[in-house]
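Student: One-letter residues, chain by chain:
Number of protein chains: 2
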Amino acid sequence: MRITALAGGTGAAKLLRGLVACLDPHDLTVIGNTGDDTEVWGLHVSPDLDTATYALAGRLDVGRGWGLADETFRCLEAMGRLGEETWFNLGDRDLATHLYRTRRLRDGRPLSAITGEIARRLGVTARVLPMSDEPVRTRVRAAGADGGDVWLTFQEYFVRERAKVEVREVAFDGAESAGPAPGVLEAIHDADLVVVCPSNPVTSVGPILAVPGIARALDATAAPVVGVSPIVGGAAVSGPAGDLMRARGLPVSPVGVARAYAPWLDALVVEPGDRTFEPALRAARVTPLYASIVMTDLQSEAALAAAVLAARAQLARAC
Amino acid sequence: MRITALAGGTGAAKLLRGLVACLDPHDLTVIGNTGDDTEVWGLHVSPDLDTATYALAGRLDVGRGWGLADETFRCLEAMGRLGEETWFNLGDRDLATHLYRTRRLRDGRPLSAITGEIARRLGVTARVLPMSDEPVRTRVRAAGADGGDVWLTFQEYFVRERAKVEVREVAFDGAESAGPAPGVLEAIHDADLVVVCPSNPVTSVGPILAVPGIARALDATAAPVVGVSPIVGGAAVSGPAGDLMRARGLPVSPVGVARAYAPWLDALVVEPGDRTFEPALRAARVTPLYASIVMTDLQSEAALAAAVLAARAQLARAC
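Read top to bottom, the protein sequences are chains R and G. When the first sequence is numbered by this note's numbering, its final residue is 319 and no position is left out of the sequence of numbers. When the second sequence is numbered by this note's numbering, its final residue is 319 and no position is left out of the sequence of numbers.
It is possible that part of the hints are untrue.
In silico contact screen, one side only, chain R against chain G (beta carbon under 10 angstroms); selected entries [claimed, not checked]:
| no. | residue |
| --- | --- |
| 1 | 68 |
| 2 | 74 |
| 3 | 76 |
| 4 | 84 |
| 5 | 89 |
| 6 | 100 |
| 7 | 118 |
| 8 | 146 |
| 9 | 149 |
| 10 | 152 |
| 11 | 155 |
| 12 | 246 |
| 13 | 247 |
| 14 | 248 |
| 15 | 250 |
Listing some non-contacts, in silico: residues in chain R with all C-beta distances to chain G over 12 angstroms [claimed, not checked]:
| no. | residue |
| --- | --- |
| 16 | 42 |
| 17 | 43 |
| 18 | 64 |
| 19 | 70 |
| 20 | 72 |
| 21 | 73 |
| 22 | 79 |
| 23 | 80 |
| 24 | 83 |
| 25 | 101 |
| 26 | 117 |
| 27 | 176 |
| 28 | 213 |
| 29 | 312 |
It should be emphasised that the hints constitute simulated quantities derived from the structure, not laboratory data. Don't be surprised by glycine CBs; every beta carbon is placed ideally from N, CA and C.
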């Protein structure tokens, strides 16, 4: 069974770990968000691609949800001594990935090829694709100190400001002129099941959907498209998804997630306690599926992954 | 007393440590070799500038003679895991210097300005100047495995091949079209004493002298120019200076050092056991001065520095 997963950061990483525990990793293609890519100390950093790759390699720092396990931050400390900004945490081992990526990009290689090289060299047999080889950058219009508007890069908003500023608008710079990376549309078209990981629908999955052609491919694929809600009840499992959904005019609930993925989402896995949203989900033509979506260890990751994989058969029966 | 020192790597670092133990660091200008600058993982590395800067900051790994004290190499290990070359050792803290330099160079800043920024930010009050803002690259024509010629960058020769290949020629690519960095000629002209550190005369001091205008300034300055021999008896104190001097047709002795620095060298500090070379040195119009030139600790570094500083008065008496 060929699985194609749209992936953002931490929540996606957990489900991806679960998926490769349940299936042959060769059957998995990950389409990763690059809207939060950024330049740090002259290096091209792709946080979500790396989180997915490290998770699939079994090397992610699970506690933090980003970066490599058993990491140190000595270069970062030295950067601080040189007077450089240090709010974006790059670990010493992690730096190797960014140095490699930056050098290869300067050599003229596309990000998709480099992402594949890094994954292979870290022993990942699943395929990891960036949504696009062209730069798409998520920006957040936030309330500045004086109450006026200030545009922040996603990392300025998320890491530097710890997502504590009021969000007024989210934009994806460069999206209109970007194209899907090689293999992205095919992976959606050829999949037996498309999974939308439990990532922030606005800034993790939103940039992927903003790349022209991807939403259409999701609409057109014969594969069922199953999402996992990143929202339990009225709050995000982690991160600022709630604030960002509100800023986009979406209710902070599984229904808001379903609305963000209309009209191509077939089913949404939600927490069993969220049955109250079932009528609204069905009205939006989304089949609710119930499973525990809060992943706290490898066992719960694999259990959720198994529930997602089972969705294909469930949906086939429902047709 | 304003001191200007021409500096290569390890031996220079020791004398520089001694000099700043003896005088106000504000009175010291270091002109560093950039002939062995290299690109590693896409980063611009200036080994000799960094060795001088770290030594002056009191942060050099004295045992190794390069890099920072209390260093780790975790990024390097991770680079190896990514399949990258790892024969050039960049430490995790040291990486910050190269990342900073590389980014600033990409911003269009000249190397001399960046070198000053790094030195100041590490608390160095002496002035550290690269010999040139333009790239000058030392290359070594060596015997290849098949006996034929192979051109190596200096670091390939020195680090990768551990200086164990036969040297046939040394060249300084780009030297003819390079100019001295801002402040270099002035520092030589305005000095009260010019010191040539105990560095390899071919590949550490040679590139500095190959920059048009610098040798002429050394010849023209009113300041006495005092060298410290990197050779004791018939062998280098450390490193491949012997092989490189032979390849340049120089005798491996204090006389060979004097010859490399003719006609502008006024005095050469040599080991007391090397009095046998006195007639040849005097014939070359170089005053031999005797002091222990093997530096094994801060005390011996300071003692040699004091002997070098005393040379000015000695030479004045001799006139």
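Student: Now look at each hint and say whether the structure bears it out.
Tutor: Cross-check of the supplied hints:
Against a cut-off of 10 angstroms between C-beta atoms, the interface hint on residue 68 of chain R holds, since the closest Cβ of chain G lies about 8 angstroms away. The interface hint given for residue 74 of chain R holds, since its Cβ lies 4 angstroms from the closest Cβ of chain G, which is under the 10 angstroms cut-off. A distance limit of 10 angstroms between C-beta atoms decides the matter here; for residue 76 of chain R the minimum to chain G is near 8 angstroms, and the interface restraint holds. The restraint placing residue 84 of chain R at the interface with chain G holds, with a minimum CB-CB distance near 6 angstroms, inside the 10 angstroms limit.
Interface restraint check: residue 89 of chain R against chain G, minimum CB-CB distance 14 angstroms, threshold 10 angstroms, status violated. The criterion of a C-beta within 10 angstroms of any C-beta in chain G is met by residue 100 of chain R, whose closest approach is roughly 5 angstroms, and the hint holds. Restraint check, residue 118 of chain R versus chain G: the minimum CB separation of about 7 angstroms is within 10 angstroms; hint holds. Below 10 angstroms, beta-carbon pairs count as interface contacts, and residue 146 of chain R has none with chain G, the closest being about 30 angstroms; its hint is therefore violated.
A hinted interface residue such as residue 149 of chain R counts as satisfied when its beta carbon comes closer than 10 angstroms to some beta carbon of chain G; here the least separation is about 28 angstroms, so the hint is violated. For residue 152 of chain R, the shortest C-beta to C-beta distance to chain G is roughly 21 angstroms, which exceeds 10 angstroms, and the interface hint is violated. Contact between residue 155 of chain R and chain G, as hinted, is not supported at the beta carbon level, the nearest pair being about 17 angstroms apart and thus beyond 10 angstroms. Taking 10 angstroms as the C-beta cut-off, the interface hint given for residue 246 of chain R is violated, the closest approach to chain G being about 37 angstroms.
For the restraint placing residue 247 of chain R at the interface with chain G, the shortest Cβ-Cβ distance is roughly 33 angstroms, beyond the 10 angstroms limit, so the hint is violated. Because the beta carbon of residue 248 of chain R sits about 35 angstroms from the nearest beta carbon in chain G, more than 10 angstroms, this interface hint is broken. Contact between residue 250 of chain R and chain G, as hinted, is not supported at the beta carbon level, the nearest pair being about 39 angstroms apart and thus beyond 10 angstroms. Not every CB of chain G lies more than 12 angstroms from the CB of residue 42 of chain R, the least distance being 4 angstroms, so the non-interface label is violated.
Distance check on residue 43 of chain R: its Cβ comes as close as 7 angstroms (rounded) to a Cβ of chain G, failing to clear the 12 angstroms threshold; non-interface status is violated. The claim that residue 64 of chain R is not at the interface with chain G holds, since no C-beta of that chain comes within 12 angstroms of its own (minimum 17 angstroms). With a least CB separation of 9 angstroms from chain G, residue 70 of chain R falls inside the 12 angstroms interface cut-off, contrary to its annotation. Not every CB of chain G lies more than 12 angstroms from the CB of residue 72 of chain R, the least distance being 6 angstroms, so the non-interface label is violated.
With a least beta-carbon separation of about 9 angstroms from chain G, residue 73 of chain R fails to lie farther than 12 angstroms from that chain, contradicting its non-interface assignment. Interface exclusion of residue 79 of chain R from chain G breaks down, the closest Cβ pair being 5 angstroms apart, not more than 12 angstroms. Interface exclusion of residue 80 of chain R from chain G breaks down, the closest Cβ pair being 9 angstroms apart, not more than 12 angstroms. At the 12 angstroms boundary, the C-beta of residue 83 of chain R falls inside the reach of chain G, the nearest C-beta of that chain being 5 angstroms off.
With 12 angstroms as the threshold on Cβ separation, the claim that residue 101 of chain R sits away from chain G is violated: the shortest Cβ distance comes to roughly 10 angstroms. Residue placement check: residue 117 of chain R does not keep its beta carbon more than 12 angstroms from all beta carbons of chain G (closest about 8 angstroms). Listed as a non-interface residue, residue 176 of chain R keeps its Cβ farther than 12 angstroms from every Cβ of chain G; the least gap is roughly 28 angstroms. At roughly 31 angstroms from the closest C-beta of chain G, the C-beta of residue 213 of chain R stays outside 12 angstroms, upholding its exclusion from the interface.
The Cβ of residue 312 of chain R lies farther than 12 angstroms from every Cβ of chain G, with a closest approach of about 36 angstroms, so its non-interface assignment holds.
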